[in-house]
Amino acid sequence: MLTNNQMIDILRRAEVRPSVHRLAVLEYVANHKTHPTADEVYGFVAVNFPSVSRTTVYNSLHTLVESGILRELEIESASTRYDLALQIPHSHFRCKRCGKIFDMSLPRGLDEIVVPGFVVEATDLFFAGLCPDCTLTSAE
Numbered sequence: 001m002l003t004n005n006q007m008i009d010i011l012r013r014a015e016v017r018p019s020v021h022r023l024a025v026l027e028y029v030a031n032h033k034t035h036p037t038a039d040e041v042y043g044f045v046a047v048n049f050p051s052v053s054r055t056t057v058y059n060s061l062h063t064l065v066e067s068g069i070l071r072e073l074e075i076e077s078a079s080t081r082y083d084l085a086l087q088i089p090h091s092h093f094r095c096k097r098c099g100k101i102f103d104m105s106l107p108r109g110l111d112e113i114v115v116p117g118f119v120v121e122a123t124d125l126f127f128a129g130l131c132p133d134c135t136l137t138s139a140e
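Everything in the sequence shown is counted per my numbering, starting at 1 for the first residue and increasing by one.
Treat the hints with caution; some may be incorrect.
[What the hints assert, rightly or not] Now the in silico label distances, taken between C-beta atoms and shown as ranges: (1) Phe-127 with Leu-2: 25 to 31 Å; (2) Thr-137 with Gly-109: 31 to 37 Å; (3) Thr-55 with Pro-89: 28 to 34 Å; (4) Val-119 with Val-65: 19 to 25 Å; (5) Val-20 with Thr-80: 33 to 39 Å; (6) Ser-19 with Leu-110: 34 to 40 Å; (7) Thr-3 with Ala-128: 23 to 29 Å; (8) Pro-132 with Ala-78: 22 to 28 Å.
It is worth saying that the hints were derived from the structure and are not from the lab. Heads up, the beta-carbon is just placed ideally off N, CA and C, and yes, glycines get one too.
Use the sequences and the hints to build the structure in full.
Okay, structure coming up:
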C-alpha cells in the first residue's frame, strides 16, 4: 500500500502536479490490485469527490500513463485497464469465468527470447483460463 506521502513523491519525481484528483486516481490503481477500468476509477473518485467529472478522471489517467506512473493493459478488446507501472515486471492472468485479473510473475528465461538489436520498452504477457476459485466451482 502506498501512503499519501509516497504518492506525492512519485508524482513530483515524474514532474506531475499532485492534485487531489490525481492522488485519488493513483491511490485507487496503486492500492487496489483489481486492474480497474477508467469507469471503475471514476466510480471510486466520485464517491470521495462528488463534483468530479469523468473528463477529469480520464485526463488524470492519461497524465499518469504519459508520465510512466501507470500503464494501460489491453487484456480485453472492449476495455482498457490500468496498473501501477512502478513495479517489478509481471504478467497477468484473466479468469474467463469471473473476469478477475491477477498478477503473475514472468516465466524465467523470457529475456532470452529477445533478438539482439531490439530494445524492449514494455512486456505484456497475458494468460487466460480459470482461476483457482472458479476451477473449484466447476469441479463441484
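*May I ask you to test the hint 28 to 34 Å on the CB atoms belonging to Thr-55 and Pro-89?*
holds (32 Å)
*Ala-78 and Pro-132 - C-beta distance against the hinted 22 to 28 Å*: About 25 Å separates the Cβ atoms of Pro-132 and Ala-78, which means 22 to 28 Å holds.
*With respect to the beta-carbon atoms only, verify the hint that Phe-127 and Leu-2 lie 25 to 31 Å apart.*
holds (26 Å)
_Quick check: does the Cβ-Cβ distance between Thr-137 and Gly-109 fall within 31 to 37 Å?_
Holds, at about 33 Å.
*Starting from the hint 33 to 39 Å, judge whether the C-beta atoms of Val-20 and Thr-80 obey it.*
Check failed, 23 Å falls outside 33 to 39 Å.
*asked:* Between the beta carbons of Thr-3 and Ala-128, is the distance compatible with 23 to 29 Å?
replied: Hint violated: Cβ distance 34 Å, outside 23 to 29 Å.
*Could one say that the CB atoms of Ser-19 and Leu-110 fall in the range 34 to 40 Å?*
Holds: the Cβ-Cβ distance is about 37 Å, inside 34 to 40 Å.
*Val-119 and Val-65, beta-carbon distance inside 19 to 25 Å?*
Roughly 20 Å apart at Cβ, these two residues keep to the hinted range, so it holds.
Checked against the numbered hints above, the structure breaks hints 5, 7 and satisfies the rest.
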